[in-house]
Amino acid sequence: MNFVSTRGSVNKIGFIDTVLMGLANDGGLLVPEEIPQIPAEKLEAMSKLTYQELAYEIFSYYVDGEIPENELKELIEKSYATFRHPEVTPVQKLKDNMYVLELFHGPTFAFKDIALQFLGNLYSYVSKKTGETIHILGATSGDTGASAIEGVRGKEGIRICILHPHGKVSKVQELQMTTVDDKSVLNLAIKGTFDDGQRIIKELFADVELKNKYHLRAINSINFVRILAQTVYYFYAYFQVTKENEVKNVNYSVPTGNFGDIFAGYLAKKMGLPVGKLIVATNENNILEGFIRDGVYQPGEFRSTYSPSMDIQVASNFERYLYYLLKEDPKAVSAVMEKFKSEGKIVVNQEQLHRVQEDFAAHGVEGEECLQTISEYYAETNYLLDPHTACGVAAYERCNDSSEVCITLATAHPAKFNESIERCGIKQPFPEQINQLFNKPQHLKVVEADKDEIVRQLETLFHFSAK
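The sequence shown begins at 10 in our numbering and counts up one residue at a time.
Heads up, a few of these hints could be off.
[Unchecked claim] Derived pair list, reagent style BS3-like, types lysine-lysine, alpha-carbon separation capped at 25 Å: (1) 354 with 211; (2) 57 with 222; (3) 336 with 354; (4) 252 with 354; (5) 57 with 257; (6) 180 with 340; (7) 104 with 286; (8) 340 with 279; (9) 51 with 278; (10) 200 with 220; (11) 180 with 354; (12) 104 with 87; (13) 279 with 252; (14) 348 with 336; (15) 138 with 192; (16) 454 with 222; (17) 21 with 138; (18) 21 with 222; (19) 51 with 211; (20) 278 with 252; (21) 220 with 192.
Treat the hints as calculated values from the structure; they're not laboratory data.
Generate coordinates for the entire structure from the input sequences, incorporating the hints supplied.
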């Protein structure tokens, strides 16, 4: 298994090198040279596996022997032993033909744990094998930061710096990141938006000299392992739902801002999973809805919403999808991304838009629609949706044919976003792990959203941690 860049200027590399490179050195994103194809009879056998066994089967296609079988199985077992539910990602039926896939049973109560528990253990494994200290750098709109810190804290040979937009994440998200008292963890609250943080991260990783000097590694979904780990639950959910429904294709409604979670579903479909429509659920920051509806990808004005983890205008994983839309032509991708950089938008032709709409539907959920969905489902089903999952359910209501089975990804526990839940007049009990956060001191620095300032902070972290 080789991996290549969407922009074509990185030599073919293996799985471990892909993990370590993160963002491709030419500024593109790494993708498999060929997507493995899983035949129907293999899918049938996989449907009987536990979550951990399924993860091993899917990872093995991409790891391709670079990690010995017993060590890969051990990494997987260790990663999902931290989850509160024996199935890791259980499926709940809410209505006829409508299910939610609960992705919030990990340590930080968010779907990011599924990939980041594994990636944290994988980085630790690589550090021990190579003797190299790993410096992890990431930006978060809320959930990635907490999951990343939880995934690597206390692991020898790893230090981590996370950027989050100051005052633009929920209180619980902020506390999960900033109450970790560890000299190898640096939380920087930037005066700006998540897009500002993501831009700085990409600039730092694009500086290959600096990246290599400090052994910088990516924790954001620019790292292909994040996508790979998330494909597993698409397979797992499909197998659970089709056990009680005689259907072939299943639709998925996915709350997404950075296009990573839904790209994992697209990858699963390309691998052979019988996925019908992938429904992109966004909020008022609806650049992805505009693209799927009109074929125009153009960032608009940033808006703070009730679903802050999706308050993103520039979706970093969009380039991966663009690569396949442009028939795996890296020159075409490079030209389009250069044009995007200079003109601020991407426009596809009618034939390409038709192909987009064959795979995707989309709905941008306004704030009141989000809250109304929470209230209605709580009243009708006694199931409490977090605001991101509510966007997914609202998009399901708008885009899914009633005769088709659909799984909505429940991306976070509602306790993480109590500000939105309270607006619905609903009081919820907090899990004890979240309750405890409110009594802990916070550790963070508020800084300008400036690349040079972030570099200065990184140098302080690396020097201080080395004492």
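Evaluated hints:
As the CA atoms of residue 354 and residue 211 are separated by approximately 18 Å, the hinted pair is consistent with the 25 Å bound. The straight-line distance between the Cα atoms of residue 57 and residue 222 is roughly 46 Å, outside the 25 Å bound, and the hint therefore fails. Under the criterion of a C-alpha separation no larger than 25 Å, the hint pairing residue 336 with residue 354 is consistent with the structure, at around 20 Å. Distance check on the hinted pair: residue 252 and residue 354 sit about 43 Å apart at the alpha-carbon level, beyond 25 Å; violated.
Distance restraint check for residue 57 and residue 257: the Cα-Cα separation of roughly 17 Å lies within the 25 Å cut-off, and the hinted pair is therefore satisfied. For the hint linking residue 180 to residue 340, the alpha-carbon distance of about 44 Å lies beyond 25 Å, and the restraint is violated. Restraint check for residue 104 and residue 286: satisfied, since their Cα atoms lie roughly 19 Å apart, inside the 25 Å limit. For the hint pairing residue 340 with residue 279, the CA-to-CA distance comes to about 22 Å; that is within 25 Å, so the pair holds.
For the hint pairing residue 51 with residue 278, the CA-to-CA distance comes to about 15 Å; that is within 25 Å, so the pair holds. In summary, the hint linking residue 200 to residue 220 is supported, as the alpha carbons are separated by about 24 Å, within the 25 Å threshold. This hinted pair does not check out: residue 180 and residue 354 have alpha carbons roughly 34 Å apart, beyond 25 Å. At roughly 34 Å between alpha-carbon atoms, residue 104 and residue 87 are farther apart than 25 Å, so this suggested pair is violated.
A distance of roughly 22 Å separates the Cα atoms of residue 279 and residue 252; the hinted pair therefore holds under the 25 Å criterion. Straight-line distance between C-alpha atoms of residue 348 and residue 336 comes to about 18 Å, which keeps the hinted pair within the 25 Å bound. Under the criterion of a C-alpha separation no larger than 25 Å, the hint pairing residue 138 with residue 192 is consistent with the structure, at around 23 Å. A distance of roughly 24 Å separates the Cα atoms of residue 454 and residue 222; the hinted pair therefore holds under the 25 Å criterion.
Between residue 21 and residue 138 the CA atoms are separated by roughly 22 Å; this keeps the pair inside 25 Å, and the hint holds. The suggested pairing of residue 21 with residue 222 holds, with an alpha-carbon distance near 22 Å, which does not exceed 25 Å. Using a Cα cut-off of 25 Å, the hinted pair residue 51 and residue 211 is violated, with the two alpha carbons roughly 38 Å apart. For the hint pairing residue 278 with residue 252, the CA-to-CA distance comes to about 19 Å; that is within 25 Å, so the pair holds.
For the proposed pair residue 220 and residue 192, the alpha carbon gap of about 21 Å is at most 25 Å, so the pair holds.
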